Amino acid sequence: MIEVDHLTKSYGIARAVNDISFTVRKGEILGFLGPNGAGKTTTMRILTGYLPATSGTARIAGFDVFEQSMEVRRRIGYLPETPPLYPEMSIEDYLGFVARIKGVEPGNVAKRVEEAMKMTNLADRRSELIKRLSRGYKQRVGIAQAIVHNPDVVILDEPTVGLDPNQIKDVRNLIKGLAGEHTIILSTHILPEVEMTCDRVVIINKGKIAAIDTPGNLTAQVSKGERVIVTVRGGDDETATKLSESLGSVEGINNLELQPNAEKGQLTANIETSHGLDLRGQIASRLVSGGLELLELRSVTLSLEDIFMQLTTQEAA
Amino acid sequence: MKGILAIFRREMKSYFVSPIAYIVIGFFLVISGYFFANILSILIERSFMAQMQAQRMGGPADMDVPGLVIRNFIGLVATLLLFLVPMMTMGVYSEERKRGTMEMLMTSPLTELQIVIGKYLASLALFLLMLVPTLFYHLMVSLYSDPAMPWRIVGSGYLGIVLLGAVLIALGSFISSLTESQIVAGVVTFVIFCCSGFSTSGCAVHRRLPERFSSTSQSCSIMIHSRRG
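Protein sequence lines, in the order shown, are assigned to chains A and B.
Using numbering that gives the first Met the number 0, read the first sequence as starting at 0 and increasing by one per residue.
Using numbering that gives the first Met the number 0, read the second sequence as starting at 0 and increasing by one per residue.
Looking at chain B on its own, in the form it has when it is part of the complex:
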């Protein structure tokens, strides 16, 4: 446990000493904030129209605004993760290998599992740090929302995104352990994320693949699973 903590602390420190953490978090918050506002204003407009239509035609306006907001927002975050997670994980093991510090870690009385868990938890913590400020968006909306904000929907959306992030980080860390070069790790991770991320049934690649392959690659698609929820 002490070993895991030592690794975790060093990883966190190195994230925040280098510009990586600030770039990733800053970029994420700017883009997600901008698009959250956009999604919100578009949906408000649409629900307004729907309401007007309903009044004219009679019958209730049938629109799940919170559901739509969350679904769109989570989709956006998922897309951003495809770009940001490779940046977070590309150096996790490749840098250790390049600097020769892997040799030190492997000859210290730590098990491989302790090293891996320590590093994984650090990446996950950075990811959570990045995600937590976005809860503020929903808090703001809930102040003005009528009827009251359905937190269950927000919660399940966030649960999904945390799990998605956890999967991507694990995958990215694994790829980082295969090479000594951060760049190679980052690019390969990104490509693999894209292949697994955007290979939805409507995707051009899928339509060209024979039936058998397409179903296999679709079940590998992380994004499809994350959208079905």
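One chain only, chain A, in its complex shape:
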């Protein structure tokens, strides 16, 4: 449905988007993940035909976004970072206007507006002026605006930013409901959002793609090992040496990171182990036999958040 091929966008000498390529299949939800300023919005603006690319091509439903912009525009719905609303209009009027400029046949406008309002739960406030709506409702109107002409592709730039947790949940469910029929690209810098809603993730950093895969695969791929966190009593150097010594002989530990906490009199160790090994029992017995008072021991799997941190900071290093 969407093919992006070696896309580059430069502002002067700065490269906002640097040679990115990816494809999105029909009915898929693709998450665009990256820190602020990574090039998410720029990529989306190129896809919608708002900005021209410096080089490379992007095709939506087989149409080039630059050469056949009108065909592409008919097929996409776009929610920019700030929802493009006219505060003095009512929800219904506004959606009607958008439907008309998006090329919905005059006879179908009312029907499409009705449908978009139903999908975004706006029907009971249809005649309210947009300026009187809360942020969450405005965001919903923004989404309704993006789907009112029933586009093949929906592009949402940070659809949940600035919403409260309940509203975020609503919006996520709404987006999930749109998938299948529509192909969706959404950008975010909130990680759980991607894990929850997206089929695939593109992690983008400094204009380059750092990783692209399903959230599950990414977790498996990047976490080269398991991680065990232990806490023992005693925040002084002596405890630290004791701990390192007693764990030194355990095979399979790749990295040991100590975080003493003198105030609480505790020492926390962050232990990374080889993939597929469960060393919890061994670690526990070594620590106890080493004369340390074990307070806590737990294993953690790397979350998307860790992967993200790893990928985006590796780049910088």
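Hints were generated in silico from the structure; no laboratory data involved.
Hints should not be assumed to be uniformly reliable.
Here are the simulated DSS-like pairs of lysine-lysine, each with C-alpha atoms no more than 25 Å apart in a straight line [said to hold, decoys possible]: (1) K130(A) <-> K12(B); (2) K110(A) <-> K97(B); (3) K175(A) <-> K137(A); (4) K110(A) <-> K137(A); (5) K110(A) <-> K12(B); (6) K137(A) <-> K97(B); (7) K130(A) <-> K97(B); (8) K12(B) <-> K1(B); (9) K137(A) <-> K117(A); (10) K137(A) <-> K12(B); (11) K175(A) <-> K25(A).
All figures in this text were calculated on a predicted structure; none of them were measured in a lab.
Place chain B on chain A using the hints.
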């Protein structure tokens, strides 16, 4: 065409939802009505004097009253437009840019030309709506006028003012597209109108400019062109 119509309708609606249209039209009608009455009474007085003089000295009273009324009235309207057109056009594009709706318009399957034409026609329609009630003044006068009202003069005067308005609206819309701030757009538009409007040959600025510049800026002067007619 459908796209142009959609833009046009939204623009018109937003003019009349906000107080702008009412303020502009109301202000215009009050001022123009007041001055029309003034112009009329002064000219009637003068033509009366001219008539008396003519009777005393012999020979016909030679005064083009309808021509003078129209010329003065059009001059007044032109001056008012310098203030009112910036108010009408200052938000046309700057507001869209500020609200982020420009991004929506530009990513919708409309060409730039459709957007521009839709918006321009809406501003022009508001301007015509403002102007049409003033025709009533002339209608009233024509009821009492003897000899009959020369509508050709009125018509050509109005043609001139409509064209002047069309130019100013185009210029104001263009300036509005350069900034995100309505205020900046409004003030810059007003200043540019004033520079082009009042830079007649008798103007102080012109007399101080070297010959070469003065002729250039005079040919830029919209008002001179509108007065020559």
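(request) Hints the structure violates: just list their numbers, smallest first. (result) Violated: hint 2 alone.
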